[in-house]
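Chains as they are written, first to last, in my numbering: chain A, 2 to 344; chain B, 27 to 396; chain C, 34 to 187.
Among the clues, some could well be false.
As the list claims (entries may be wrong) - Which residues of chain B face chain A? A few of them, derived with a C-beta cut under 8 Å, are:
| id | residue |
| --- | --- |
| 1 | Thr57 |
| 2 | Ala59 |
| 3 | Val62 |
| 4 | Arg91 |
| 5 | Gly236 |
| 6 | Gly239 |
| 7 | Pro241 |
| 8 | Phe243 |
| 9 | Gly250 |
| 10 | Val253 |
| 11 | Ser261 |
| 12 | Gln299 |
| 13 | Leu300 |
| 14 | Glu303 |
| 15 | Val338 |
Claimed, not checked - Quick list of in silico lysine-lysine cross-link-like pairs, DSS-like style, CA-CA up to 27 Å:
| id | chain 1 | residue 1 | chain 2 | residue 2 |
| --- | --- | --- | --- | --- |
| 16 | A | Lys262 | B | Lys93 |
| 17 | C | Lys35 | B | Lys115 |
| 18 | B | Lys93 | C | Lys50 |
| 19 | C | Lys53 | B | Lys122 |
| 20 | C | Lys56 | B | Lys122 |
None of these hints come from the bench; they were simulated from the model. Note that CB positions come from ideal geometry on N, CA and C, so glycine has one too.
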Amino acid sequence: MTAMTLTAAVDCDLHVAPSSLGTVLPYLDEYWRSYIEDSTVGLSHPGYPLGAATTGGTPPSSYDELAPVLNAANPHRAILTCLALDGVHRNPYYAAAMARAVNDWVREEFLVRDERLRAGIAVSPLDIPAAVQEVERLADDGRFAQILLPVRGDVPYGNRLYHPLYAVAQEHGFPIALHAWGRGGKAPSMTGVTATYLEDYSSNAQIAQVQMMSLVAEGVFTRFPQLKVVFMECGFSWLPPQLWRFDKDWKGVWREVPWVKERPSDYVRRHMRFTTEPAQLPQDPHQIAQVVEMVGPELLMYASDYPHQHGDGFERLLAALSDEDAESVLRGTAAAFYGDLIA
Amino acid sequence: MITEVDVPSASEEGRLKDVALVDVDIHPRMTPADFVRRLPERWARHVERYGLRAPAIRDRYPRPRNKGVRADAWPETGFPGTDYGLLRKQLLDEHKIDFGIMLVLDALDSGYERPPLDAAICQVVNDWLVEEWLDRDDRLRGSIAVPIENPALAVAEIERVAADGRFVQILLPASAQESAGSPKYWPVYRAAAERGLPVAFHTGGYNDHGGTGRPSFYLEEHAGYGVIMQTLLTSLVCEGTFAEIPDLKIALVEGGALWLAALKWRLDDAWRQLRDEMPELDRLPSEYIREHVWLDTQPMEEPDNPKHFLQVLEQAGLEDRLMFATDYPHWDFDSPSSSLPRGLSREQRGKLLAGNAIELYGLPSKVARR
Amino acid sequence: MKVVVCHVEDLPAEERKIVKVGKRSIGVFNVDGEFYAISNRCPHQGGPLCVGRLSSWAESEIPGEVEVGGSARFVACPWHGWEYDLATGQSFMGPNEIGVKAFDVCVTSGAALSEDVAHAEEQRSPTATGREPGPYVAETFQVHVEADYVVIEI
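The shape of chain A in the complex, shown without the other chains (with noise of 0.2 Å):
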C-alpha cells in the first residue's frame, strides 16, 4: 500500500486511546475524579491484549504520536475511533460521564488540531437518554462524523429502546457506527467468555451478523428511513450467504414483521455499510474477484484501522477491484455516505 494510494482516501476507523484515566480526568468533574481515585477502575480494552499480534501496538494517545501516522498516508478525511468505554463498567453514569470526558479529550487533542480529523461520538448504551443528550451536545460542533457503539451489546441493536439514539442519528446525518467488540464476556457463548483468544477475535463477525438482523428485523429503517449504519473491523465477506438467507425466510414468515416491508437485503444495501478491515477472504484472487461481485464493492468503506493488524487481505482486496471500484472504495463511497460531515 503506497502512501499515494491512500492520499486523498476517506479512512473510516484510525484508532486513538488514553494512555491513562490521567489523561482524561482533566475532562471530568470534581466528583466522578474522586471516583475514580478512590477505585481501581482502568481503561484497558478487553478485546485487544497487548501482546497479539492482530493488536499491533498501542493506539496514539496524543496529536504528536498521530501526526506521524496520518502524514504518512496523507488521507484526505480520517475518522477517529476511541473505544475507552468499552472498559468502563456498568454504573450508567459514570459511563455517562466518560463519555463526555473522552468525546472532550477526542476533541481537545485531536479534532481542533487537525482539519483531515473528524470522530465518532462515543456513548454508551447503557443509558440512551444521556446518549441522546451527548449527542446533541456535539451535533453542530461540526468536528463529529458519526456515533460510535460497541457491537457487542446486550440487547441486540434492533431493540425499541435503542430508538430514540436513532431518531436524533437521522435528525442530524449521523450515521451510527457498529465497531468490533464491546465491554468483556460478551462473547457469544453462554458464559459470554471464550476459552480462546481465536475464537472471540473471530466472533465480531458472528455478533455482527446478529445486529445486521436486528435492526432490520426490528423494522429500524421504516421508522428511520434516512438512517446509515456501518459496521467497523468486523468483516463482510460473510454478508452474501447470510442475505440469502435472510431474504429467503423473511418471504415465508414477513406476517410476524410486516413492518419490513422489502427485501432484508435491500434495507441492507440501501441502510448499510462495512469497512474494509478486516479482509478475509480466499487466497485465489479469483475467487477473491467472485466474492467481491456477490458482495458488492459499493457496500465498502477502506478503513485503515490503524493501529491493528489483520494481515494482507486488504492488499488482496485492492488488487482485485477495478480502479472505479478502488476509488469508490477508498473515497467515493464515504463521502456519499458522510456528506457533509467530513466535506
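With chain A's structure known, arrange chains B and C on it following the hints.
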C-alpha cells in the same frame, strides 16, 4: 458398523440398485404419552407432577410459523412426525429415499434435569427410535441421543446402544451449555470417534445466544441457525478438539452450509497471526475443517443467481462434504426433487444426494430394489 | 377447455375444493362469494399450494402496529409460506420469483354446458390449517358461475 446388504452375487445383481438418495435429517417425534409411558416409574411420576425444567420451547423461542411444521404433514391424530405410515408415504416412498437418518429432537435440552433423569430421557428416546422406527423400516438409521452435560452418562449411553449398527451417529444440540470445543465434552467425542461414529450437532438446545442477547422474532432466530453453527465450529477448531481427537468426524445439521467459506477465511487469517496462542493447532483451521467436518444442505440457500451457489460451494470446499437433507416434517422442508440449485454437474448431484452421506455414515452403496 | 368443478351449492363461501383435471391439480376457492382457481403446485419447490392458509393482506407502517383487512385471498404455501394472490397468481415476496398458474373460474348453468366439457374429480386433500409484486406468478384459471355450476377455464 454393519452393512445391511450382503456382497451381491452374480445372480443377485439384477435385484440391486445404486443408492441414489440419502436424507440425513428426518424428525420422528414422540407423543407426550409415549414419552411418559416409557420412563421408569419414578421419573414418570416426577415428570407428570413437575414437568421438565428447561423453559418450554414456546416460552423461550420466538413463535415459529405454522407450529414449525409443513401444514400438509399432520396425521389423523397427533403432531407431524408421530405417524410412521404418513412419514413413509409422504417422504420415504414419495421421494424414493434409499436411506433416511433420523434425529429425535426431544432430548436436546440436556443439563437442565438432574443427571439420572437427563440420562433416562435419552434412553427412552433411543429405545423408542429402535422399536417404533428402525425395526419397522430397513431404510431408516438412527442417531444416539446422549445427556451431553453429564459426559460419563453420555459415554455410558453410547456404550449401551452403539452395538446396534443402525445407529450411525451421536446426536448433540448445537447450543449446549458450554462451547462445543470445551474439553468437558471430549470424553464423549472420543467415545464416538473410537466407535467410528460421527457426532452430529443439530440446531437446538437452550441457548442464551451469549453476547448479544436473544432475538425478538422468529425471522432472526431461524436466519440465525447458521450463525450459531459458525460459533460452534469456531470453538471446535480453536480449542483444539480436532487436534486432540484426530479420528473425530462431525456433521452440522440444519444450519445451512454456505457460510462456511467466509468462516474458513477468517479463521485462517486469525490463525496466521495468533497461532502461538494455541500451538496445538499445527495447521490451518480450514484444513482441520476439511478433514473433520460435514454439513447438510438444509435449509438450502437460494441466491438470486444460482451461479453464486456453485461458486460458494467451490470456495467452501463443500462438494465432498455437503449432504442432502429434507428436515421432514418441518416447514422449511427441502424437496429432494426441486430444491437443489441449477447447474450442478451430475457428479456433484450424486455426491450431494447420496455419495457424501454414504461415505460419512458407512452406508451400503447398493440396496435391494423395493 | 371448460371443466366443471361442482354445483355452486357445494362450494359455499370460505370453502375450497382441490380437483384433478388430467395431470393437473387445481384448487378452487370461494372467498366472500368470489371464485378463484389456482394451480395446486407452488412454483418454489412444488408444495401443495392450495392446502395452505388463506389470509387477507397485512399492512404496517410502524413496528408493532399492524392492520389486516380486505378479502382473504392470499394463499400461503403449506411448506415455506410463500404467498400468492388467488386472483392473479401474483406473488408478493419481492423480485426474481416465478408465478403460479391461475385459472378462470365461472359458474355456468347446466343447460349452457356443452357435452365436451370435462368433469373434474375432487381430490381428497389433507385438512388445511391454515406487496410489491414479484415475478413469481402462480397459475390462475378463469372461474365463472353460470346459474348453477362452478366451471373453470383451462
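Could you tell me which of the hints above the structure violates, numbers in ascending order? Of the numbered hints given earlier, those the structure breaks are 1, 2, 3 and 17, listed in rising order.
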